[in-house]
Amino acid sequence: MDLISSPVRALGRGAMSSVSALGRAGYLGGDALQALRKVGMWAPHLLGQMSRIGVDSVPIALFIAMFTGIVLALQASYTFTGAVPLYFVGTLVGKTMVLELGPVLTGLALSGRVGANIAAELGTMRVTEQIDALETLAYDPVAYLVVPKVLAGILMFPVIVILSNGIGIIAGWATSMALLDMSSQEFVKGLRLFFLPFDVWYSIIKSASFGLTVTAVGCAFGFHTRGGAEGVGRAATGAVVAASMIILVLDAFWAAVLL
Amino acid sequence: MVGVHKAFDANEVLRGFSISIPEGQTTSIIGGSGSGKSVALKHIVGLLRPDEGEVWVDGENVGRLDQESLYVLRRKVGYVFQFSALFDSMTVEENVGMGLQRMREFSAAEIHDRAEECLRMVDLVGYGSRFPSELSGGQRKRAGLARAIATQPKYILYDEPTTGLDPVTTSVIDELIIRMSEELEVTGVVITHDMKSAFRVSDRIAMLYEGRIRFEGTPEEVRDADDLVVKGFIEGRPELMESVP
Numbered sequence: 042m043d044l045i046s047s048p049v050r051a052l053g054r055g056a057m058s059s060v061s062a063l064g065r066a067g068y069l070g071g072d073a074l075q076a077l078r079k080v081g082m083w084a085p086h087l088l089g090q091m092s093r094i095g096v097d098s099v100p101i102a103l104f105i106a107m108f109t110g111i112v113l114a115l116q117a118s119y120t121f122t123g124a125v126p127l128y129f130v131g132t133l134v135g136k137t138m139v140l141e142l143g144p145v146l147t148g149l150a151l152s153g154r155v156g157a158n159i160a161a162e163l164g165t166m167r168v169t170e171q172i173d174a175l176e177t178l179a180y181d182p183v184a185y186l187v188v189p190k191v192l193a194g195i196l197m198f199p200v201i202v203i204l205s206n207g208i209g210i211i212a213g214w215a216t217s218m219a220l221l222d223m224s225s226q227e228f229v230k231g232l233r234l235f236f237l238p239f240d241v242w243y244s245i246i247k248s249a250s251f252g253l254t255v256t257a258v259g260c261a262f263g264f265h266t267r268g269g270a271e272g273v274g275r276a277a278t279g280a281v282v283a284a285s286m287i288i289l290v291l292d293a294f295w296a297a298v299l300l
Numbered sequence: 171m172v173g174v175h176k177a178f179d180a181n182e183v184l185r186g187f188s189i190s191i192p193e194g195q196t197t198s199i200i201g202g203s204g205s206g207k208s209v210a211l212k213h214i215v216g217l218l219r220p221d222e223g224e225v226w227v228d229g230e231n232v233g234r235l236d237q238e239s240l241y242v243l244r245r246k247v248g249y250v251f252q253f254s255a256l257f258d259s260m261t262v263e264e265n266v267g268m269g270l271q272r273m274r275e276f277s278a279a280e281i282h283d284r285a286e287e288c289l290r291m292v293d294l295v296g297y298g299s300r301f302p303s304e305l306s307g308g309q310r311k312r313a314g315l316a317r318a319i320a321t322q323p324k325y326i327l328y329d330e331p332t333t334g335l336d337p338v339t340t341s342v343i344d345e346l347i348i349r350m351s352e353e354l355e356v357t358g359v360v361i362t363h364d365m366k367s368a369f370r371v372s373d374r375i376a377m378l379y380e381g382r383i384r385f386e387g388t389p390e391e392v393r394d395a396d397d398l399v400v401k402g403f404i405e406g407r408p409e410l411m412e413s414v415p
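In order, the protein sequence lines correspond to chains A and B.
In terms of the numbering used here, the first sequence is residues 42 to 300.
In terms of the numbering used here, the second sequence is residues 171 to 415.
Derived from the structure by calculation, the hints contain no laboratory data.
Glycine residues also receive a C-beta, built at the ideal position from the N, C-alpha and C atoms.
Be aware that one or more of the hints could be misleading.
What the hints assert, rightly or not - Here are some chain B residues pointing at chain A (derived, C-beta under 10 Å):
| hint | residue |
| --- | --- |
| 1 | G233 |
| 2 | Q252 |
| 3 | S254 |
| 4 | M268 |
| 5 | L327 |
| 6 | P337 |
| 7 | T340 |
| 8 | S341 |
To be verified - To give an idea of the interface, some chain A residues facing chain B are shown, with a C-beta separation under 7 Å as derived from the structure:
| hint | residue |
| --- | --- |
| 9 | P85 |
| 10 | E141 |
| 11 | E170 |
| 12 | T177 |
Said to hold, decoys possible - Each pair of labels, with its calculated beta carbon distance range:
| hint | chain 1 | residue 1 | chain 2 | residue 2 | range |
| --- | --- | --- | --- | --- | --- |
| 13 | A | V112 | B | S239 | 53 to 61 Å |
| 14 | A | L196 | B | Q271 | 23 to 31 Å |
| 15 | A | S47 | B | S299 | 35 to 43 Å |
| 16 | B | S299 | A | I246 | 39 to 47 Å |
| 17 | A | V290 | B | F178 | 49 to 57 Å |
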């Protein structure tokens, strides 16, 4: 009997803990919306968070975008040779970077860099009672800690993604010049062929939603950390896994809704 | 605190906890590890809300206050955490000035002067520019105390102020608690299981056992108590405590 009941119990416990975590995250979201009114408490920290979350993430995002652009150009040429005019390499690099790989790869990479960092920082503050200390000093920890991070994520992810898109396309162009025997005019012709200004807006909307996801999930996991150093580790890992999964779901959602 | 019950999942920590803290005095709440002393203390500033019962501070029912009223109440209370809970990304002076900054009534120069004054009171002159990681355990406790007194609170809550400290540092912290009470005339609540310290700093001592107050009195009354649980605890004799049905 135990053979059957134990896994069922474990499943039940897992489901209950997931629902309760969702509930806690919901409460935190509600508190964060209310805390938006306390401008004096979050505004002084917004620029600092924009720098930490945004500016400091630029190098890794551009590194990923550069190699993505190179690989896209090489794979497109490998696929198209003999069947499709080579200037379509420009089309594929541009469209794929802006619509998909720029936002998604940046989002996934930053869920590791930014999401884990936020979860570990807030988790450490939670287990060392620093968040309680903030409360006893009459600070609203949601306004002070959560709101500036989430706003910085929403504002800075689109900026990073636009830069990544640009670098990816430039890397694809340079690769086409250097390795594919294409002219610059051919690449640009392909790039402009199916370009729509809406593509850029699509990229911006998607990346803003990824910025919200990564920072909010990091805050939710960090804010509710329990159990010392091990708990902080669990919070950081949990934040990365959850944010990555939500990013992929959102990716499909935006494609279905906006395209 | 009147008839406070508090449970975490199946673990019932407080079971009808009631205590009255006299103004202008230092009251220590003693009890074994995990008996719920810190849980009781956190109810006073609304860090935890009771499942049942009421917590009254300055005529206000803490459990029913909205967030803004709770912040107003918290400005009257200084809280010294067990492990100091200093903000590790800030210097000691910034830590001490945090409460004043929140009040938005002081200029940067005034906050600096007040922080220095508080650091002087806890014998940490010259440590303002250091980070918490550069301080010893005792210095961290003193910095935590400086942060708690910076806003000139009416009440100071001390959560295990001497735990983990050597005897000399313990006696320095005890002296500071006595000084706070005498010089600043604050009402103090000390959570501790260090009996030497409790006898030294307290005007009254209450023992928390099995979720409620078992015994309450002056240090002399506690010392002379016939209650086997109290006797067993202060003399470090578990067999006496276990002999009680």
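List of violated hint numbers, smallest to largest: Hint check: 1, 6, 7, 8, 9, 10, 15 and 17 fail, others pass.
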